[in-house]
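Take the two lone chains, each set in its own frame, and fit them into one complex as the hints suggest.
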Amino acid sequence: MLIVNSPVKEIKEIQKDIFLQKIYSPVIAKQIKPGQFLNIRVSETVSPLLRRPFSICDVDGDYIFLMFNIFGEGTKILSHKHIDDTVDILGPLGNGFNLTNDFDTAIIVAGGLGSAPFPFLTRLLKDKFDIYSFVGGRSKNDVITYNLLNVQTATDDGSLGFNGNVVQLFEKNLPSFKSKKIKVFGCGPNAMLRALKEVCIAHNINCEVSTECAMACGFGICQGCPIEATEQSDKYLLVCKDGPVFNVKDVII
Amino acid sequence: MSNIDLSVTIASLKLRNPIMLASGTVGYGNEIAEFIDLNKIGAIVTKSLSLKPRKGNAPQRITETPAGMLNAIGLANVGVEVFLKEKIPFLKKYDVPLICNIAASSVEEYVECTRMLNEEETIKAFEINVSCPNVKDGGLQFGNNLTAVGKVTEKVRAVTNKPLIIKLSPNVSYIHEFAQVVKDSGGDAVSAINTLVGTAFNIFTRRPKIQNVFAGLSGPAIKPIALAKVLEIHQKVDIPIIGIGGIMNWKDVVEFIIVGASAVQIGTLNFIDPTAPIKILKDLENYCKQMKINSVSELTGSYII
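Residue numbers (this note's numbering), protein chains in the order written: chain A, 798 to 1050; chain B, 7 to 311.
Any given hint could turn out to be false.
Calculated cross-link-like contacts (lysine-lysine; reagent style DSBU-like; alpha-carbon spacing at most 30 Å) [as the list claims (entries may be wrong)]: (1) K1032/A with K58/B; (2) K215/B with K288/B; (3) K93/B with K830/A.
Across the chosen pairs, the derived CB separations fall in these ranges [claimed, not checked]: (4) N938/A with F210/B: 19 to 25 Å; (5) E92/B with L971/A: 52 to 58 Å; (6) N1044/A with Y180/B: 49 to 55 Å.
Here are a few chain A residues that sit away from chain B, every Cβ distance over 12 Å (derived from the structure) [as the list claims (entries may be wrong)]: (7) Q812; (8) F816; (9) T883; (10) F926; (11) L945; (12) F959; (13) Q965; (14) L966; (15) K977; (16) N1001; (17) I1002; (18) I1018; (19) E1025; (20) K1038; (21) K1046.
FYI, nobody ran anything at the bench for these hints, they're computed from the structure.
Cβ coordinates follow ideal geometry from the N, Cα and C atoms, glycine included.
Isolated chain B (complex conformation) (with noise of 0.2 Å):
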């Protein structure tokens, strides 16, 4: 039996660990569930909700890229009533904490799709999407709004007491400007970072290698970049963030909550080894048990410049 503490809190949110599962790469939790037990893991992110269900975008959704890789999935998603009625009562089977991830095209249906998801006990947080690149309406015409981030926040805030998450774009200038705006409007906490604008064209035929000819980067090429929007919210705002960004193994995650992160996402990685997030939990405990760390929670911030 370890004596090492690894739950974390975020708001009012309780996790075991700080691993958990980044939406959009864990689909609704029972095709990962045939490589993990999900009982192990700190928090499952749904993939995004909107209010009606959305077919996504025409292939060719994904491309590789060097470290990385693009994808332009166009938020598919059941939609929130088939959600409630077909996809919760699997995730009901475990004890892990259900994180819903919310994307809209406009601040009513993010309001809507909330409060018809609040009432669902399963579901423990809100993850509040403000910043896919990858849709035509909505998406990034919030996160890059320091007002549209204000308001969302604010309303969603109002029809619901879950610990509210917004999930950052790290295609601003200044991304603490947001976590700031987040915090005043009553968010508890954020996420950081959304994917990286980015684009593939084949030299041959000169057409874009993504239907939607600019999708989001994701992948080891997108870790510095995370560690560094992690970083400047810890400088600038009191507020709880949760680092995403190229995870690929356990120091990934110890350097991401050293510069900052009480916890952690891990995402593209899901689909090359769906395994690895409880192998990264392994090594973690290893890592604290070498270092003499009693508790996780210690680590976050500890950096020193």
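With the rest of the complex left out, here is chain A (with noise of 0.2 Å):
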């Protein structure tokens, strides 16, 4: 966990309205695990005033790859960074997935921005393991499919691929899988991640979520990202610290 100022080495619009920020910081890019997350101080004032987390989108030697859309304040300055200018980079932060020997099949199942964090995923695991990506959406624009394997697609007003949500998809293809070592990867809406933990835990397939909270700090000190536990607890565990990744057994999302 450092802070680190970076600079920005390449921003690019990959599909419209949804940027790939390039950041030269070689000691935070050397421990990152995928999954994990950065928070992001994007100028000095005090306007915005707090750190915005990011995912993780790729790692490539001593640079780290954002992506993002223009959300509000922080977002807009973020996409207006030049060559150069540099960015205050807390990170990284949270677990991570686990990426254990217990599977040799990959299913990545993401919902809109919920794609930021598998180019990452798929980078360490494609000369491994079988990898297959189900990426949805409201709509065509709204699909993000950048540097993935193997991919199907759904949209919710049926513009581009299966007309229904991703969960769906995914479920209409788990007979296809002969594997039965299969591990499922998730990130997007709550409701979207609720509907993939039914489906995973009807059909006993172990799954992993990446999920998301407002919170200020991002490692634990403002307690700011509450997420309820199924086993009965006296305290919340925090997306931030104990997440954002969970198995979907362990979480009421």
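Below is the structure:
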């Protein structure tokens, strides 16, 4: 966990309103596990005041890649950075996905910007595992397939791929997977993650999801990002520190 | 080696410098210790402790506002017993005064928490939170009632000889009246201020952005209010004041001290830059050198009106 002022080296719009930013930060880059995040201070002024959490989209050597859309003031400022402008990054934060040896087939299920953490996961897994990606969005412009493999798409309005939601598409395709050692990696809106959890539990499939919650610090001191554990507990888990990746069996989404 | 004396004294509490870390913004010290050397800090104020563990409020607990943030964490904490057993051993490794902040739902609970913590020699003082706006029981209902603040102070005073600081609410008309009650009831100092009551709504869903609806506003947005409250207390009551509210840099620290604070607490800034308290210390020392101030305590209440 470090705070490093790091220069932006490239920024491009990979599809309409979706930006990919390349940041040079060798010390942080070498520590990152897929599924971890950064908390970024986009400006030295007091507005916006707080850091903004971002999934780490990819890591390549000394470079970190972030994927984002313009959601509010923070992402607007970030999208306007010039080459060699610096961003103040705190990270890597959170636990990341568990890449154990108990699966041979990785299935990615992503909704909208939920695709953000998966290019790095794909990069790390592609040589050893079979990877299939199910990617959804409300409409075709919301479907982000950047650097994913074996992609099938779903849209709520039917403008691209399967007409329906991405979890329905995943469930429909489940019989086609021959392997018994499947692991699902999910990220997207909470409603999507809830549906994914139901399907995975019903079919007894190991599933980890990356969750999100408003937070201030990103490392456990503000206590702003609680998530309820499935086991009765006298405390909440924290998305920033205990997550953002959880096994779906462990949390109430 | 600097010849600037940064040490300050609040009642019998001696601090190596006036920079304290505010309750609720440093947990129990372990997370922030990854970023700064706690031995260089004036004091740490723990997260509010209650007798039994508190789970806190359901999400969403935090939202940003212009130059500020709203939080309704709801005093999530491990409870006094777990604190003594599991959190104190880590804090004992550091040579930094530990101040326990206590929050409760009744006078009896304040007293019982203090009594249980009083035996622990690592704990150098108590800060009694009578002003949290985010809990249904206790909290602000004590903080805006003069009689209740007096009673809590008096009853807690009876079970400890350690310095007793009462953290005051700004959500009152005349904060100096509360400081006076604290003094008259045996309190040693006051912290000013706790968060202001605020709220925020989503204009599209018409729903509150914070699940608890009402929340505590902190950050630079509240600094002018906090300064005014510290000044009001300083002008009316002879009691040490710990200034809190939106400190973002050394200049803010100096401003709080000039209007009457003996020490300050850094809060929301810890979330944004956990290394900031150490940077502030260095800058504060440079300011003293530049202004030919030998002891930072000379600055307290040195305003010219």
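For each hint, the structure was consulted:
| no. | hint | result |
| --- | --- | --- |
| 1 | K1032/A with K58/B | 12 Å, holds |
| 2 | K215/B with K288/B | 38 Å, violated |
| 3 | K93/B with K830/A | 29 Å, holds |
| 4 | N938/A with F210/B: 19 to 25 Å | 20 Å, holds |
| 5 | E92/B with L971/A: 52 to 58 Å | 44 Å, violated |
| 6 | N1044/A with Y180/B: 49 to 55 Å | 54 Å, holds |
| 7 | Q812 | 25 Å, holds |
| 8 | F816 | 21 Å, holds |
| 9 | T883 | 14 Å, holds |
| 10 | F926 | 33 Å, holds |
| 11 | L945 | 30 Å, holds |
| 12 | F959 | 29 Å, holds |
| 13 | Q965 | 26 Å, holds |
| 14 | L966 | 28 Å, holds |
| 15 | K977 | 36 Å, holds |
| 16 | N1001 | 29 Å, holds |
| 17 | I1002 | 27 Å, holds |
| 18 | I1018 | 5 Å, violated |
| 19 | E1025 | 8 Å, violated |
| 20 | K1038 | 8 Å, violated |
| 21 | K1046 | 20 Å, holds |
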